[in-house]
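Undergrad: Protein chains in written order, with the working numbering: chain A, 832 to 1052; chain P, 6 to 353.
Do not rely on the hints blindly, as some may be mistaken.
Unchecked claim - Under 7 Å between C-beta atoms, here's a sample of chain A residues computed to sit facing chain P:
id : residue
1  : Phe893
2  : Gly933
3  : Ser985
4  : Thr986
Claimed, not checked - Coverage of chain A stretches by chain P, computed from C-beta distances (three or more under 8 Å per stretch; other residues unrestricted):
id : stretch
5  : 898–908
6  : 934–940
7  : 1000–1010
I should point out that these hints are in silico values taken from the structure, not numbers from a laboratory.
Just so we're clear, the structure is a prediction, and the values are computed from it rather than from any experiment.
Just so it is clear, CB atoms sit at the ideal spot from N, CA and C, and this is done for glycine as well.
Given next are the chains, with one letter for each unit.
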Amino acid sequence: MADQQIILDRLAEGVREMDEDLTLEASHEALDNHVDALTAINQGLVVGMNQAGLLYEQEEYFVPELLLCSDAMYTGLDILSPHIQRSSAEDKHKVVIGVVEGDTHDIGKNLVKLMLEVADFEIYDLGRDVPPADFIGKVKEVGADIVCLSTLMSTTMDRMVDVIELLKKEGLREKVLVMIGGGPISQAFADRIGADAYSENAIAAVADAKRLIALKKKVAV
Amino acid sequence: MITPQDRLIKALNGQVIDRSPCICPGGMMNMATTEIMQRVGSYWPEAHKKPQDMARLALGVCHLTGMENLGVPFCMTVEAEAMGAKVNLGSLANEPRVAEYPLMKLEDWETLPGINPGKGRAGIVAEAVSYLTSSKTELPVIVNLTGPISLASSLIEPMVFFKAMGKKPELVHEFLYFVTDNLIVFGRSMLQAGAQIINIADPGGTEEILGPRHFAEFALPHINRILNELQGEYQASMVHICGRLQSIFTEINQLATNAISIDSTTSISKLRSALREKVVVGNISTYLLQNAQPDRVKATGFNCLRKGITILSPACGISPATPLANLQAMVSAVHDFDYQNREVSSLG
């Protein structure tokens, strides 16, 4: 029987190196050697995706590389997920995410979604060109902890203000954290419009989401 | 007296001029605001579809703001629509945008229609250019092309396209070659209608998205092919690249144009010292343009000119909610600046 750590390393390597074949092979190897599926995912695939995220932050990887890593990760997930022994209902934090109305550029949003999923958040993706009312509707429906707003265009930045205003009007602003990001967005803009966080990239977004949730829990206690 | 047309053409080509011009090129960096549309009586989305309205709006902008160029179209969707994308033309306050990609698999790119320059909105833009050039104006006409990466990722889901750069680089090049051929056709038709200047903006193909290696491999050669193929048909050219540029100064230097238009995230001083041969266009923050007082806008304009900007312009697409007074303040900066007071010589 192969050493479990070797298999986990191969899973991580497959994802990090954008190597779907290796990831596929290592995933089968994990199952054949009775490695727990959840362990294979969390200590193999997810580790690799986080390593890829780090390379992205260090500007070794860019969008094309990160997308290929995610393809490799999903290849592994397809094989391993059906074998997870589900425990009782998990209590994941819920995130509603979308590109604001007027803009259809969704690469950044998709990367944030991907990395939040990797970090075990439950994601409700509204897609692109999303009217403010749709964000509010989804936040209400699922009882979201966080709403993530994205735009690439300087001309549609103000739609973020519309969402925040509508949250206030509906009495939801105190209940849900607002994170924003995208090409023309800055910390100064986030401060100005009263968002809870500006995340520079998908990796930062995960850290911000975790930080905000922890902070909120602390305040609640 | 030098005409605005001569001044801008000379400025873009790095020749000596009396003072900096102030422009708003068009395309993603168009100048139609809600306030201006109301004053001119030509409104989005109709102005995207009617050549007279398009021309009237472009002329009205210059008349009201003092901006020193005419620029069309007002969006980045003309090419994508002509190549099969479904486009939502937006509203008074929202730009047109691609609603549906025509391509599912990159392998099927040969099924896409080419741009017919006489048809649809491609024909409308060329017609608008004819109106503008026959309007006895001394202002130069800038025609705007969507950059190859931005157009390509308007025809197929960008995730699929970007992944193919790693998996099927040959196929990506074939597709980009086809996309570029079509951009050349459209660019040529707008230039033949009488425009003097061409601007290529590729916000989807930035260094921040692609990284330096993919920028060099996929963006640079195809942008250059457009510029080289159309050379002789335009009197001056410029390229707008969004985002930070620090790690692609070498590639920017290889762009087959004299003039680079930059975003507000790029430091003017760094760019000027790295790219001594290039003319820099830019880069007043569009957020500032929308929200600051006119005095502040003008002061920022002065600061850009002091640091080595040759041609003053917004850094990115301006919001339709931008006050007219701020656009006027931006223009006043090039008239009132003390050109002795510069850190870097920028007038040729």
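Undergrad: Could you run down the list of hints and mark each one as holding or not?
TA: Evaluation of the provided hints:
Proximity of Phe893 of chain A to chain P holds as hinted, the smallest CB-CB distance being about 3 Å (cut-off 7 Å). For Gly933 of chain A, the shortest C-beta to C-beta distance to chain P is roughly 4 Å, which falls under 7 Å, so the interface hint holds. Hint on Ser985 of chain A holds. Least Cβ distance to chain P is approximately 4 Å, under the 7 Å limit. Given hint, Thr986 of chain A at the interface with chain P, holds; its Cβ is 5 Å from that chain's nearest Cβ, closer than 7 Å.
Given as covered by chain P, the stretch 898–908 of chain A passes the check, having 3 residues with a CB less than 8 Å from a CB of that chain where 3 are the minimum. Look at the stretch 934–940 of chain A against chain P: 5 of its residues bring a Cβ nearer than 8 Å to a Cβ of that chain, three or more, so the hint holds. A count of 0 residues in the stretch 1000–1010 of chain A with a Cβ less than 8 Å from any Cβ of chain P is obtained; the coverage claim is therefore unmet, three being the minimum.
Going down the numbered hints, you'll see the structure goes against just number 7.
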